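Top line first, the protein sequences correspond to chains A and B. Per our numbering: the first sequence ends with 428, consecutive numbering throughout. Per our numbering: the second sequence ends with 745, consecutive numbering throughout.
These are computed hints drawn from the structure, not numbers from a lab. These figures come from a predicted structure and were not determined experimentally. Where a beta carbon is used, it is the ideal one built from N, C-alpha and C, also for glycine. One or more of the hints may lead you astray.
[What the hints assert, rightly or not] Take a look, some chain A residues computed to stay more than 12 Å from chain B by CB distance:
id	residue
1	79
2	161
3	166
4	176
5	211
6	228
[Claimed, not checked] Partial list, derived from the structure: chain B residues whose beta carbon lies under 8 Å from chain A:
id	residue
7	620
8	622
9	628
10	649
11	650
12	652
13	654
14	674
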Amino acid sequence: MSKQKLVIILLLLLTVQATSVFAVQRFPKPEFETGYIQPETQVPSPRTEILAVMDVVVLLLSLSVISWIVLKKRSRNGVFLMSVFSLIYFGFYREGCICAIGSIQNITLALFDYNYILPLTVIAFFIIPLVFTLFFGRTFCAGVCPFGAMQDMVAFRPQKLGSRLNAILGMVPYIYLGLAVLYAATGTDFIICRYDPFVGIFRFNASFSMFVFAGILLLSGIFIARPYCRFLCPYGVLLNWVSRFSRRHITITPAECIQCRLCEDSCPYDAIDFPVTSRNPESRQVMVRKLMLICTLIPFLIVAGGWTGIRLHETLAGVNGKVKLARQLLDPATLRIQSEPFEITAYKSSGKSQMQVNEEASVMLKRFYTGGWILGGFIGLMFGVVIAGRMLNIWRTDYVPNKGTCLSCTRCVDYCPVKSDLSKVNT
Amino acid sequence: MPDRREFLNTLIRGSILAGLGLLSGALIFRTGKEGDCGFDFTCGSCSKSKDCKLPRALESRQMVWQLDPSKCIQCGRCATNCVLTPSAVKCVHVYAMCGYCDLCGGYFKPGTKTLNTAAENQLCPTNALKRKFVEDPFFEYTIDELLCIGCGKCVKGCGAFGNGSLQLQVRHDRCVNCNQCSIARNCPSGAFSRVPAGNPSLLKGMGTETETGKLKSS
């Protein structure tokens, strides 16, 4: 019993200085007399690196196969099979991580934070789809991205949205991309991963709000084909830009367009550009006026956007942990709360002074000030570019897929009555 | 006649390709601050990592999530914020640190009268912490990981009254290694960080190279 008393006394003594938990061993390791063998603490090792390499190999192979199917075989069934495979491998087997969409944030963080170690696989997942898109168009979207594959399978009754609605909703990805880059660059959060709707389905496990979001996207996806890809996906923005300069791209007709208009309604994504011949060529005066308007509009939108960004930078910084903590500490309301938030407890045990916290928060706020300017300017620029694009009439005689927004799903190919390159056969 | 639009396209394509190449090259070969090897998990920015023969440096490219028990305040968010249910964070018992106390701060609720395994005495909400008699007056405590939900109640108790041998850790046989760990995002004390997959443990008191290195440098 004397031992127990000693234990209690020791406890009383030590609870007073209970700050540094690991510095002292309060109770010495006992010397066992009965030959008791102390079990060893097991540390399970993570997934081996070979499998990460395998992911990259599978990505490369599936991109090669899908590009061949889209450009050479022009087979919708092939694309469908490939997307089933990707959904199973990248979606359900790899559980959606790492994906190309999320890798934007890792790349950004690595560019801004030297201490962040960037795995090679993440670089590969970011770069490889972009390179393939640069040569073959957005074949990645067609059948490698598990998000796209999942939404493509539920697009039963796609409706036309009209070019204006498409353009307005199409602005969202630019804002999303800008925010994702801003929050990744400041080391705040990976918002693409945070608001990732489908990862919960891949893992059969998610929070309620995530399932609701996924449900809304998939249900609306029946009528609005691929809502995430077209109106949210930030990686799609990069692919869109790169794809515009792609070396090769899927064509609706294998030979020459015969203007039969059969493919007009075939595209569920409104990505077919119709012939523009009526108002062309515009008079020189009209063209000059348009150019002048664009040249003044874009700088104005950039400045306006930047100004808005600066106005909003404190709000934007509000989600940053450092800023949040400093605000909580400064807020007199925190003192009155009965149970203090965990953040305050953690701050107290960390041994930081309030000065340090405020200092960190003000550095962060400065970064958000610059970031807010750039973000707003970027969004303004993108608005300007989209408006300019809608003002221009590019002379076009045939039905062609829009190289930027076309997802290379090959649905339109089956609608084209021209089946092979007859002109070449004849000559 | 050479197609002007095609030529411009080729030019832009070339510059995008060069840009992507530069970017990936810079990302792969970037070197950061200089510094001696204090085992502080910054291999990626270490200028010596190429010649480094330490196992961590060799595998430093693949990163996994881990939580640092010395920063952990046992708020209980690990149990609720993981994408997995139950969480990938579990309590791990470092036997080497354990005092085998009869009155275990991690096992018993504060104010327990009789020290037995009765359910009302236990701190663990899921009966995951098992108590077994070894020899007078020592008791062995083991964790049934299938039952553990990673709430950290026992960790708090052990840290406050005992040696701190019970510690929370991300178990990598369960962790799916999300790009952004949803616990890390909500961790109030910033205890979560990416660590090299070759040495994914941040347990204290294991007598590993990490700690001996830290002891030497300090």
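Right, here's what the structure says about each hint:
no.: 1; hint: 79; in the structure: holds (26 Å)
no.: 2; hint: 161; in the structure: holds (29 Å)
no.: 3; hint: 166; in the structure: holds (29 Å)
no.: 4; hint: 176; in the structure: holds (20 Å)
no.: 5; hint: 211; in the structure: violated (9 Å)
no.: 6; hint: 228; in the structure: holds (22 Å)
no.: 7; hint: 620; in the structure: holds (6 Å)
no.: 8; hint: 622; in the structure: holds (5 Å)
no.: 9; hint: 628; in the structure: holds (6 Å)
no.: 10; hint: 649; in the structure: violated (19 Å)
no.: 11; hint: 650; in the structure: violated (16 Å)
no.: 12; hint: 652; in the structure: violated (19 Å)
no.: 13; hint: 654; in the structure: violated (19 Å)
no.: 14; hint: 674; in the structure: violated (16 Å)
The structure fails to meet hints 5, 10, 11, 12, 13 and 14 from the earlier list, while all remaining hints are met.
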